[in-house]
Amino acid sequence: MQKSFILFVLLALLLSGCYKVNKLEVKKPANLIPKEKMIDILTDMEIIQGAAVINRDRYLGYKDLEKSYYQVLYSHYHVTESQIRASMDYYNNQGVEMANIYDKVMSKLTEKQAILTEEQKIEEGKRALKKNIGDNFPFLFRVDSFKNLCINPVF
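In numbering that gives the first Met the number 0, the protein residues as written are 0 to 154.
It is worth saying that the hints were derived from the structure and are not from the lab. Check before you lean on any hint, since a few could be wrong.
As the list claims (entries may be wrong) - Across the chosen pairs, the derived CB separations fall in these ranges:
(1) L115 to L64: 11 to 21 Å
(2) I5 to M44: 50 to 60 Å
(3) A29 to I121: 45 to 55 Å
(4) E118 to K26: 37 to 47 Å
(5) N99 to L59: 36 to 46 Å
(6) N99 to E122: 31 to 41 Å
(7) R57 to Q119: 13 to 23 Å
(8) H75 to P28: 15 to 25 Å
Claimed, not checked - Below are the BS3-like pairs computed for lysine-lysine, each with C-alpha atoms no more than 27 Å apart in a straight line:
(9) K36 to K26
(10) K62 to K111
(11) K34 to K111
(12) K103 to K36
(13) K103 to K34
(14) K66 to K111
(15) K107 to K34
(16) K66 to K36
(17) K107 to K66
Don't be surprised by glycine CBs; every beta carbon is placed ideally from N, CA and C.
Input sequences plus hints: build the corresponding full structure.
In structure tokens:
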């Protein structure tokens, strides 16, 4: 009986010692960035990271370029790097809130990508139209049979 009681006490101590080991309590910072602003900041940070990845192979001073992008980001949103880190720590501790924030970041990035893709298609169409018009209609104005100056109807 005494052995089972000691085993029970040791097991209870062991289990109670493991309670909340992985749950660090992060207090709400005084200068916490609001969620909507944080979504905008994280969206721009993801774009900066994408630009940095692309520029690694193309530009030797990409680190300086990345730093300058971040400086523009900080001044645009009137925040500091430490303020962003503190807010990230807080929101990361609030798992559901951070998941919601990143869901909104991803939807904003998807929306921006769709807009950019549409703009690229429009530009490609304009280039193709200019090329085809230049090949088929080498003139912008023409003189019709009545000696009137007319604008080429393709434009």
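These are the hints, each one checked on the structure:
Evaluation of the 11 to 21 Å hint for L115 and L64 yields a pass: the beta carbon distance comes to about 20 Å. Under the hint 50 to 60 Å, the C-beta atoms of I5 and M44, about 55 Å apart, fit the expected range. Range check, A29 to I121: about 47 Å between beta-carbon atoms, so the 45 to 55 Å window is met. Between E118 and K26 the C-beta distance comes to about 44 Å, which sits within the given range of 37 to 47 Å.
Between N99 and L59 the CB atoms are about 39 Å apart, so this pair conforms to the stated range of 36 to 46 Å. At about 35 Å, the CB distance of N99 to E122 agrees with the hint of 31 to 41 Å. At about 19 Å, the CB distance of R57 to Q119 agrees with the hint of 13 to 23 Å. H75 and P28 have their C-beta atoms about 20 Å apart, which keeps the hinted 15 to 25 Å range intact.
For a cut-off of 27 Å, the pair hint linking K36 to K26 stands: about 19 Å separates their Cα positions. As the CA atoms of K62 and K111 are separated by approximately 25 Å, the hinted pair is consistent with the 27 Å bound. A C-alpha spacing of about 19 Å is found between K34 and K111, which places the hinted pair at or below 27 Å, so the restraint holds. With a CA separation close to 11 Å, the supplied pair K103 and K36 stays within the 27 Å bound.
For the suggested pair K103 and K34, the alpha carbons sit about 10 Å apart, so the restraint of at most 27 Å is met. Distance check on the hinted pair: K66 and K111 sit about 23 Å apart at the alpha-carbon level, within 27 Å; holds. This hinted pair checks out: K107 and K34 have alpha carbons roughly 14 Å apart, not beyond 27 Å. Under the criterion of a C-alpha separation no larger than 27 Å, the hint pairing K66 with K36 is consistent with the structure, at around 21 Å.
Only pairs whose Cα atoms come within 27 Å are accepted, and K107 paired with K66 is accepted, the gap being roughly 23 Å.
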